[in-house]
Structures are given as C-alpha cells and as structure tokens.
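Asks: The chain contents come next:
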Amino acid sequence: MLAYNTRIAIKSLRRHPLLTAIIIGGIALGICASTTFTTVRHMYARDPLPGKSEKLFYVRLDNWDPVKAYPDGGLVANPRKVPPSLTYRDSVELLRSNIPVRQTADYVATMAVFPEKSVSRPYTEVVRMVCGDFFAMFNVPFAYGRAWDRRADQKAEQVVVLSHATNQKLFGGGNSVGKRLQMNDRQFTVIGVLAPWRPFIRMYDPTSNFTGEPEAIFAPFSLTPGMELRTSGNSDNWKSLPTNPTYQDFLTSETDFVQFWVELRSASDAPRYQRYLDDYVRGEKKSGRFPRPLNNVLTSMNETLADLGLVTPQRTAMAAISVLFLLVCALNLTGLVLGKFLARAPEVSVRRALGATRVDIFLQHIVECELVGIVGGAIGVLMSVGVLRWIAKMQATTARMSPDVEMFAAAVFLSLIAGLVAGLYPAWRICNVQPAVQLKV
Amino acid sequence: MEIGPITRAMMRNKMRFVLIVLQIAITLAIVTNAVNLIASEREKVQKESGFDDENLLWVWSKPYSPAFKDRPYQVSVTQQDIRTISAIPGVRAVANTNLRQWQGGGSSGEVEIAGGDGSRFRTQMYVATPQFTDTLGVKIISGRNLRDTDINEDPNATTSPVIISRALEQLIFKDQSAVGRAFKDGETIVGVFDKFYNPYGWPIHEYAMIYPGYVARRGAPFLVRVQPGQMKTVRAEIEKRMLVSNEGRNVETKPIMEIKDQYFTDSRLIINAMTGVIILIIIITGLGIVGVTSFSVTERKKQIGTRRALGATKSRILSYFLMENWLVTNSGLALGIVLAYGLNYLLVTHTSGVKLNWHYLAAGVVALWVQGMIATLIPAMRAAAVSPVIATRGV
Numbered sequence: 001m002l003a004y005n006t007r008i009a010i011k012s013l014r015r016h017p018l019l020t021a022i023i024i025g026g027i028a029l030g031i032c033a034s035t036t037f038t039t040v041r042h043m044y045a046r047d048p049l050p051g052k053s054e055k056l057f058y059v060r061l062d063n064w065d066p067v068k069a070y071p072d073g074g075l076v077a078n079p080r081k082v083p084p085s086l087t088y089r090d091s092v093e094l095l096r097s098n099i100p101v102r103q104t105a106d107y108v109a110t111m112a113v114f115p116e117k118s119v120s121r122p123y124t125e126v127v128r129m130v131c132g133d134f135f136a137m138f139n140v141p142f143a144y145g146r147a148w149d150r151r152a153d154q155k156a157e158q159v160v161v162l163s164h165a166t167n168q169k170l171f172g173g174g175n176s177v178g179k180r181l182q183m184n185d186r187q188f189t190v191i192g193v194l195a196p197w198r199p200f201i202r203m204y205d206p207t208s209n210f211t212g213e214p215e216a217i218f219a220p221f222s223l224t225p226g227m228e229l230r231t232s233g234n235s236d237n238w239k240s241l242p243t244n245p246t247y248q249d250f251l252t253s254e255t256d257f258v259q260f261w262v263e264l265r266s267a268s269d270a271p272r273y274q275r276y277l278d279d280y281v282r283g284e285k286k287s288g289r290f291p292r293p294l295n296n297v298l299t300s301m302n303e304t305l306a307d308l309g310l311v312t313p314q315r316t317a318m319a320a321i322s323v324l325f326l327l328v329c330a331l332n333l334t335g336l337v338l339g340k341f342l343a344r345a346p347e348v349s350v351r352r353a354l355g356a357t358r359v360d361i362f363l364q365h366i367v368e369c370e371l372v373g374i375v376g377g378a379i380g381v382l383m384s385v386g387v388l389r390w391i392a393k394m395q396a397t398t399a400r401m402s403p404d405v406e407m408f409a410a411a412v413f414l415s416l417i418a419g420l421v422a423g424l425y426p427a428w429r430i431c432n433v434q435p436a437v438q439l440k441v
Numbered sequence: 442m443e444i445g446p447i448t449r450a451m452m453r454n455k456m457r458f459v460l461i462v463l464q465i466a467i468t469l470a471i472v473t474n475a476v477n478l479i480a481s482e483r484e485k486v487q488k489e490s491g492f493d494d495e496n497l498l499w500v501w502s503k504p505y506s507p508a509f510k511d512r513p514y515q516v517s518v519t520q521q522d523i524r525t526i527s528a529i530p531g532v533r534a535v536a537n538t539n540l541r542q543w544q545g546g547g548s549s550g551e552v553e554i555a556g557g558d559g560s561r562f563r564t565q566m567y568v569a570t571p572q573f574t575d576t577l578g579v580k581i582i583s584g585r586n587l588r589d590t591d592i593n594e595d596p597n598a599t600t601s602p603v604i605i606s607r608a609l610e611q612l613i614f615k616d617q618s619a620v621g622r623a624f625k626d627g628e629t630i631v632g633v634f635d636k637f638y639n640p641y642g643w644p645i646h647e648y649a650m651i652y653p654g655y656v657a658r659r660g661a662p663f664l665v666r667v668q669p670g671q672m673k674t675v676r677a678e679i680e681k682r683m684l685v686s687n688e689g690r691n692v693e694t695k696p697i698m699e700i701k702d703q704y705f706t707d708s709r710l711i712i713n714a715m716t717g718v719i720i721l722i723i724i725i726t727g728l729g730i731v732g733v734t735s736f737s738v739t740e741r742k743k744q745i746g747t748r749r750a751l752g753a754t755k756s757r758i759l760s761y762f763l764m765e766n767w768l769v770t771n772s773g774l775a776l777g778i779v780l781a782y783g784l785n786y787l788l789v790t791h792t793s794g795v796k797l798n799w800h801y802l803a804a805g806v807v808a809l810w811v812q813g814m815i816a817t818l819i820p821a822m823r824a825a826a827v828s829p830v831i832a833t834r835g836v
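For the record, the sequence lines run as chains A and B. Note that this note's numbering numbers the first sequence so that position 418 is 418, with each residue one more than the last. Note that this note's numbering numbers the second sequence so that position 292 is 733, with each residue one more than the last.
I should point out that these hints are in silico values taken from the structure, not numbers from a laboratory. One thing to keep in mind: the hints can contain errors.
[Claimed, not checked] Quick look at which bits of chain B chain A covers, simulated, 3 or more residues with Cβ under 8 Å:
1) 469-476
2) 716-726
3) 737-744
Nothing here was measured: the structure is a model prediction, and the numbers come from that model. Cβ coordinates follow ideal geometry from the N, Cα and C atoms, glycine included.
Kindly generate the complete structure, drawing on both the sequences and the hints.
Replies: Shown next as structure tokens:
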C-alpha cells in the first residue's frame, strides 16, 4: 500500500514540476535555516563532556575588594560577582585537599622553545601549566605515552605532553616519548603525545577564548615558582602590587589568574567540598585576607559555562527566528498543497466512486506530503552542512561545525513533522470531498 | 465598494485565508525582529574608534634569547626598534604600547582623585611611548602630550605624569579641566586627548589613561601607523629589518583591520545570516500568496466568467482580487504586529536581547503591503483575462 501510495505521489509531483520545485525548495530552505542556527546554538549550549561533566566542578573564591564586588559583565558574564580565577597561593593550598578524586590548577605561560637547529629557529609558545590529573579529567586522548603522575607533580619534574601538531612540527610525528626538548633554560622530557584533539568549546578554561584551539604544550603547574613563570592569559587584581615587585610578591599577591577544577566522586560530594572551601577561606580571613562576605562558588561544568554566557542572546534569537522560518515554510506548503489537492477533487471523486475509502484517500495525500517533507528535509540538511562550513570558515575557527547526531535526528524529525502538519488539513479536506457533487456533469 | 461580498466569499473558504494571514503575520514578526538584530549589530560594527584603524599595524617582538631577561637590555632593544621602524619609508609614526585594539578587552584599573570624596572610577590603562597619540591619530585637546623625558625607568618612582581621554575627564571632573589634577596613586594629569574608543568587557570603552614608558617585559608590542596604501610593503620590511637588528627573537605583525574583522565575526555572521533569512522569507511568502491566489482564481473561473457576462469590467475583477488580498494582508499584518512584539518580548526577557524599534515594524508593514500587492497582481490579471464565454459553458 505504501509503495503504491508513494508511486502515485511521485506521479502527482511530476505532473507539476514547477509547483513541486517551489514546495520542496521552501521546505528545504526552512529545514536548512532551522538546522543551521539551532546547530550553531547547540554547539555552544551542549554538554562538552557528556557523562563526565556533572562530576567536574569549577572553583571560584571571592578575594575581591571589600568596597566593591567583582563587576558583572566583563569579558564574560558574571552573575555571581566573583572573580573568575584564583590566586596562585590559594590554588597551591587547595591542591592539598584529598576530597576530590582528581584536581588540577592551570593557567597559560609563554615560554621560549628551542627545537633542534635543523628543525626551526627558536620560538615562543603558549604553554598550559596543569596538574597531571588534567588529562584524565577532561578526557584528553593520548597517542603515545601518558600523563605524568602525582609524584611528578610534587617533585616538579621537567616533563611535557605535546599536542599532535607540535609533535609533528618538532619531531616529525611518531612516538616521541623520551625525547628531549629545551624550554626557557630547562631541559624537558617528552612523557606523552596527544592524539589530534579539537573540542569545539575549550571547556577547561572558562575565562578566555572559548572556541580557541587547545594549547600546543602542557607542562607541570608545580614548575611555576622554580621557573618564575607568570601568566600570559587574563589576570585580575583589585590591589596594586608594591612598587618594584619581586617575583615572590607576585606569587603571594591577590592576583587572580589560575583556573581550578576538581573531579568529585559524585555530585553529592559537592556540599562537602563547599564546606572545605568555606573553612579554608574562614581560616584565611583570620590573617586579614578575603575581606568580602563569604562567597565561594562551586559550580558544575555545565553551570559554569552557562554562568559565563557561552550561549549569547544573539545565538538564541537566531535559533528562534530560524524555527519560526520553518513554520512559515510549513504554512506555505499547506496553502499550496491545499490548492493543489482541491483542484484534484474530480479525480479523487472517481476513485471514491470506484470504491476507495476515505482512509485510502487520506493516506494517499499524506504520503505525498511526507515525501515532499523527506526530500525537502534531505536537501535542507545537505545545504545546512554547507552553510555551517561557510560559517566556520567565516569565523576562522579550526573547529568543525556540523550537525551532530542529535541535530541530525532533530532535522529528520522536523521535516517529517513539517510534512505531516502541512499535509494534515489538505488531506482531510480532500478525503471529505463529496463525490456526487464532483461527478455531476 | 465590494467589501461585503468579498468578506462573505472569504468566509466560505476560511482556511485558505487563515493560512495566508498566519504566514504574513509570522513573516512580519521574523522580518522585524531580524532587522532589529541586524541594526543592533551594525551599530556595534560601525562605531568609530577615533583611530586611523585602516593604516595601523600591530607588531610584536617575541624574544627567546636569555639576554632579554635583563630590563636595561629590553629597553635598549625597544628604543632601537622604534628607530628601526621609524626609518622605514611609508611609516608615519610608531609607538611601543600594550594597547591592542579590538579584542574586547585589554588592561584596566581604578583611579581615585587625590583629596577627593573617595569615589573610584574604572578606566582602561595602558603604557606607551609619547608617539602614541600621533600613531593612533588622536589629538591632544588640552594640556600637553607625553614627552620622552616623562619616561622614568627608576623602579622606585612613585609618581608619573599621565594623559587621559576626554570621556574620562568628563566622567571624573565633569565640566572642569583635568590638566594639573592628580590621582591618589601618584599620577598627575598633564594632558587630555580625544577621542578614544576601544570596546571593553566592562562599560569603559571610552575611558583611557596612558602612562609614559616602555612595554618590553614579555616581548615588546608596537603600533605602527603607515601612509595610506603602504601597509603591505611596510609590513614585510618591518619583519625583515627587526630580525636583522636583533635576531634573538621572532617578529609577528598583523594589521589592526584583521584584528577588528576577527572581533566582529559574530556580528557579521548575524548580519549576513539574518539578511539572508529576510530575503528568503519574503520570497517564500510571496510565492505562497501567488500560489494560493492562483488556485482561488482557477477555482472561481466560472463565477468570474458569469460576473463578466453580467457586465463587470476587467478592472472590477482585478480590483476584486486586489481588495481580497488587501484584506487578508491587513489582517495578517495586524496579527503580525502583535506577534512581532510578542517575539521581541520573549527575546528581551529570556535572552536580554534588544527592544524592538517601531521604525522597523513600520518599514516591515509597508514592505509586506507592497509584496502582497505585487504577489496578487499576477494571478489577479489572469482572473481579469477570463472570458465571459466561460459562463455559458457547462452547467
């Protein structure tokens, strides 16, 4: 029956090629627009680490000015009015806790890299300073070797993990574990090489360039004081440093620049860790630090990203507008299909008179609309893949923008719904046509 | 004229017109909100920085040689770089500064008037060599510019002359002059410049305070202003000459316009995408109107023929269909105005979007009116061409 209905649907569609093209084109455009802009929004809104993110928590402590709270609406939104990063000294203290299963303090530093002379001139590179747990926490994939362990963290061992591209550049690819690399005035040993890794959202650093590429080199956070490293990312301070500050002044200052993540056994451990944070800050208050009222924020990864306003109002507005656009396309389809079907009343009446039931007629016409919906939807999805590529190119991002399984399923679903919604009324009208009236000559 | 019969005829075929009314209404809601979105982004993109952005080049010396650990060495290389860059034909001015425009951020801090009421003002703060104003193309409007002799390399110095932007002067000193006034942290204002605009995360886009000095601790950044049309040659020459003068580093250059384009990619995406949506939706709705009116003409051929046979002129038939469409369009637009505000209300309350400007709504109404008329005209003319003979055929 379905095959038969499909066959007459195709016949009917081929009888009016121009009308069919307009109808299918309309649906295709609607599906293309809605898929594209909901995908753009979805790429920012979706969970960056499904199954993992609810156990990852971002730590913010309010060490700001007693007079004024940390302002809202900086580079990123900040509804909780708390600095987005921690000081070095607090990070080091918090790392002592054994409540989290894993934890990492991290920030970026610029270092001079000295490759073999035959490879390239020395150059400066942004290195992310992290704890060994970082890689397991954020599901960072390794091609060779592994992350360094806690002992290496404690002993501030000179080890590095290279990105896939950096390994290509410095050592021509392959297993480079054990090779040596000079950075600043120190010799490092390569302990791991990553597989190609390009998350759309750089979820581990909610303070800057969300859609940037992960860093080229990762080194132990604990090397900071020994190498006298400073951040080359964002830093905040409400107090000025002493005139002519020494490096030690900087490390013990209230300058916030460290991102701090913990992985808890489960989300139910969060209150316990929150108490730990509050106790820590209360202790520090005794020595005159943390002059503001207690405001320590422990947020899960998704809460953190939502807090920082990754999904901008414009992205939501575009997604909403594009879905309405699809609705207009469906209404358009309904109008055109209604006219087309009713013009066919005499033909349908003959079928009815020869014994076809109303259900038969109804199904015949619904199938025709669904066919239009599916073909239009398929064209629309293909078009949106192209449009998304163009958008990625325009944004000069190296990230791939394409509908994921969820968005693809949504597009298929929407095109079926569009066909159904658009066809329902016309099909109902045509199956209710009185054959007697039409057949009278 | 024929409004009575027209509406009665429409009531017999409600659904068809309801569809068009809904389509027009949603179209109006989409078009006006899309235009609104475009307008608010365009405003951002078109905001003038007050600087000679087209001719500015950002240059960054990224040292790796250990010799750069030493402050006197950093400063002497930076001074030498300024001389090297100035000597390149096509260069108008160069400044060593940590200002890099169009990143949505930079460096900022708070100031408090010495002996004032204790209120503090947040402002962008940058360090620069005195050529800063010439490089950006901004003017000193009162007091004096910074001088080379203002630069103090003494690490224990506690005071410094500064220049501030006109907007900051107005914010802090209202209508008084800022020249000669001092801030609590030891800055004395020696001059005021105009104008300054660098979009910042916090609403301090137009406030700036410039300290005299060299920025060279972790690499030295420069802004270079070139003669119009000389960007390409100067850019290539700078990289070459700077490496010749000191090879313990790498040099990176980028025209400010590239940085600006990057900063506005989201805005341009919104503008392009929403423009596309508007054009497409108007075409689709137009085709919808053509289609539905065509069917209704085909269906009523016999009635049209009868009217013609009874003496109606072609223009009466034409105006009948135009009138019918006009009624449909108007109901659509009336509903559309409500929907447009409704959609905007949702966008404003749920996503802190921008409030709808009624000008766009009015423009949208007029556009859809015109579109409705044009879309009806084609099938209506076919209706007018129906021969009266048709009335005599069939039953």
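Asks: Examine the segment 469-476 of chain B for residues whose CB is less than 8 Å from any CB of chain A, and state whether their number is three or more.
Replies: Contact hint for the segment 469-476 of chain B vs chain A: holds, 4 residues under 8 Å.
Asks: Taking 8 Å as the Cβ threshold, is the statement that the segment 716-726 of chain B is covered by chain A upheld or broken by the three-residue rule?
Replies: Result for this restraint: holds, n = 5.
Asks: With a cut-off of 8 Å between beta carbons, are at least three residues of the segment 737-744 of chain B near chain A?
Replies: holds (count 3)
This entry satisfies every hint, going by the numbered hints stated previously.
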